[in-house]
Structures are given as C-alpha cells and as structure tokens.
Amino acid sequence: MGVATKRSSKVRSPAAWRGIPPIMRVLYITDPQRTGGWLAEAFATESPSEIRLQEVVGSAAGLARLRDEVFDIVLVSHDALQLDALELIGAYRASGAEGPIVALGTQSEQEMVVPCYEAGADGYVCVNTSTTRNLIWLVTRAVQRHELIRDNHRLNLAEQQRLQREHEEAQRLLVEQRALTGTAEANRPCQDASLLAGFLEADVHLHLPQPLIDHYRELLRTYVIMGSGNLCCELRRLAELLAAAGVTSQETMQLHLFVLEELVRGLGSRSTRHVMTRADLLAMDILIHLAEQYRRRYQQRAHAPVQLLLPGFDEELPHVL
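Residue numbers (the working numbering): 4 to 324.
In short, the hints are calculated from the structure, not lab data.
We put the CB at the ideal spot given by N, CA and C, even for glycine.
Watch out, some of these pointers could steer you wrong.
[Unchecked claim] Label-pair restraints from in silico Cβ distances:
#: 1; residue 1: 101; residue 2: 172; range: 31 to 41 Å
#: 2; residue 1: 274; residue 2: 98; range: 33 to 43 Å
#: 3; residue 1: 158; residue 2: 133; range: 30 to 40 Å
#: 4; residue 1: 220; residue 2: 159; range: 11 to 21 Å
#: 5; residue 1: 109; residue 2: 274; range: 47 to 57 Å
#: 6; residue 1: 163; residue 2: 113; range: 13 to 23 Å
#: 7; residue 1: 144; residue 2: 266; range: 42 to 52 Å
#: 8; residue 1: 283; residue 2: 154; range: 28 to 38 Å
#: 9; residue 1: 72; residue 2: 40; range: 19 to 29 Å
#: 10; residue 1: 101; residue 2: 51; range: 21 to 31 Å
#: 11; residue 1: 87; residue 2: 140; range: 47 to 57 Å
#: 12; residue 1: 299; residue 2: 155; range: 50 to 60 Å
#: 13; residue 1: 140; residue 2: 93; range: 20 to 30 Å
#: 14; residue 1: 144; residue 2: 291; range: 51 to 61 Å
Use the sequences and the hints to build the structure in full.
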C-alpha cells in the first residue's frame, strides 16, 4: 500500500508550491515487508522539488545512518509487529537529535497522531487515506518549523552573547570611571574580568546624607526612562544644594557611580547600553549645572557688593572747618 496519488487535472501555478525547498534529502526507515519504491514513485510524480530518498531497513540501521549523515527529514514506517515507530522516534529524540521526523502507517490518523506527537514526531500520515500532496506539505511544514526553531535558537544565543558583552563593557567603564574619581579600589590594575565585579561591589563610603543618595537614585531612574525632559529645574536645584553644601565634582561623580552601579546590578540579564548612555548624559548635565553654580559663587565673592550713594548725595561734601 502507498499514499494515494490522485493527480488534479488543473495545472498548479508555481505560487501553489511556494515555500517548498527545491531539494530535500529524505531518509526512509522501513521494515523488511515494505519497500520505499512506492514512496519514491509518489514523490517523483507529485513533488515540484528534487527528493533525494534513501532507504534503510530496521531501527538499528536507521539510527546508524542518522549518526553518519544529515537529512532534511526522516520518514519512519510504523508497524506494531515489525517496526515500532514510536520507540524509534523516542530513541531518536533521547539521543539529542532535533531534526524533523514523520511517521507513516496504515492506522488512522485519529488513532496515531497524538501518540506520535507525544513521542516527539512532527506528524503522522495514514498511507491508505492521505495523498502525496498532503505528505509533501506535511514534510515541508515540518522542515520549515525546525528551521525556524534553529534560527530562533541562534538569535537567542546571539542576543545572550550581546547582552553579556554589554554587561562586561559596562563593568569596565564603571571601573575606569571609578579610577577617574580617585577611588582606591579602582586604582589597582585589573585584567581579570571576574575581579571587575568585586571592584564594583566594593563598599564606597560616601560622606553624603542618605536622603541625598536616595533622591539621586530616583533622579537617575527617572532620567533613564524620560531623559532630561522636565528635569532641568530639578537638576538646577540639586546643583544649588550641592554647591551650598560644598560638595565637590569628585564627590558628585562618586555619588553618581555609586547609584549607577546599583542600577546596573539590578538589571540582571537586560541590556545596559541604554542605561549607561543616559547615565553619562545625566553626569554631564549635573556637572555642568554644578560648575555654573560654583562660577556664580566665585563671581559673587570676587566682586563684593558696593554701597551706592543715595540720590542727592552724589556731589562732594564740603569740608567742615
């Protein structure tokens, strides 16, 4: 018995076969009682692509061939007495293989499709009731599904590697910025990436009130989300407070890095690029405001206020004898 090969009298347009690979390497695992001649003939009659069918007999021969060669899809003939496709598919998946595999049998699809799915197959085809076109499309969809899974896995792996590189770069930047502020832990040379996190977790003793640290933490989070936006007035007021308290630019940067390191550690596996970019802008913004506040204070001290004469007293007073 084989898959029914009813040909339609209507000529199919190329668009009808869109998505079917031009070449497919197929391994057909069968039992001694059933050969793959009928399957090769069906593919040659109906398939628009070149099907390179290879046939092996028995589970052991099939698994051995799969260890040596790579196929686009595997077809397994199911016979409860001669060749149990469910056991073969289970062993195939247990070995770590992820390629598409479809079972063929004489039992109805209602009876076998669910057990095949549970065993790890991508589908089941009843050779007595199905058509070659149905088998071709089932095979094509199984191949496309596994290609999407592989592409998705590669994309996820590339994304994880990119995020890891971002976190490593963020740690290096924080250590270098620590060195610019004169922090003792960061002044020591460090080439081992595993030690960078230790530097970042080092206790930095800020001689600043805790409410100021908490306020700056909330300001940084808001700045990361919104950007400068409506925070110009808030930054100006903060710079006035820092200048009035005599906080230096070095201490301001230490405060900034202390809060930024907490935020970066809290990101986990998420991207750090946006946070680091916005944090650099905030540091530049606050330092500009702080420098402007100190400039104004210096000008006020350098040019002391002069008492002006009242109206009518601008002429020289006569000398009193």
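For each hint, the structure was consulted:
1. The hinted range of 31 to 41 Å is satisfied by residue 101 and residue 172, whose Cβ atoms lie roughly 33 Å apart.
2. As the Cβ distance of residue 274 to residue 98 is approximately 36 Å, the hint placing it in 33 to 43 Å holds.
3. Residue 158 and residue 133 have their C-beta atoms about 34 Å apart, which keeps the hinted 30 to 40 Å range intact.
4. For the pair residue 220 and residue 159, the beta carbons lie near 32 Å from each other, so the given range of 11 to 21 Å is not met.
5. The given range of 47 to 57 Å is respected by residue 109 and residue 274, whose C-beta atoms sit roughly 54 Å from each other.
6. The hinted window of 13 to 23 Å between residue 163 and residue 113 is violated, with their beta carbons roughly 42 Å apart.
7. For residue 144 paired with residue 266, a C-beta distance near 46 Å keeps the hint of 42 to 52 Å intact.
8. For residue 283 and residue 154, the hinted distance range of 28 to 38 Å is satisfied, since their beta carbons lie about 35 Å from each other.
9. At roughly 21 Å, the beta-carbon separation of residue 72 and residue 40 lies within the given 19 to 29 Å, and the hint holds.
10. Separated by about 27 Å at the C-beta atoms, residue 101 and residue 51 satisfy the suggested range of 21 to 31 Å.
11. Distance hint check for residue 87 and residue 140: the Cβ-Cβ separation is about 26 Å, which falls outside the suggested range of 47 to 57 Å.
12. Distance hint check: the CB atoms of residue 299 and residue 155 are about 57 Å apart, consistent with the given range 50 to 60 Å.
13. Here the CB-CB span from residue 140 to residue 93 is close to 25 Å, well matched to the stated 20 to 30 Å.
14. Distance hint check for residue 144 and residue 291: the Cβ-Cβ separation is about 60 Å, which falls inside the suggested range of 51 to 61 Å.
Checked against the numbered hints listed earlier, the structure breaks hints 4, 6 and 11; every other hint is satisfied.
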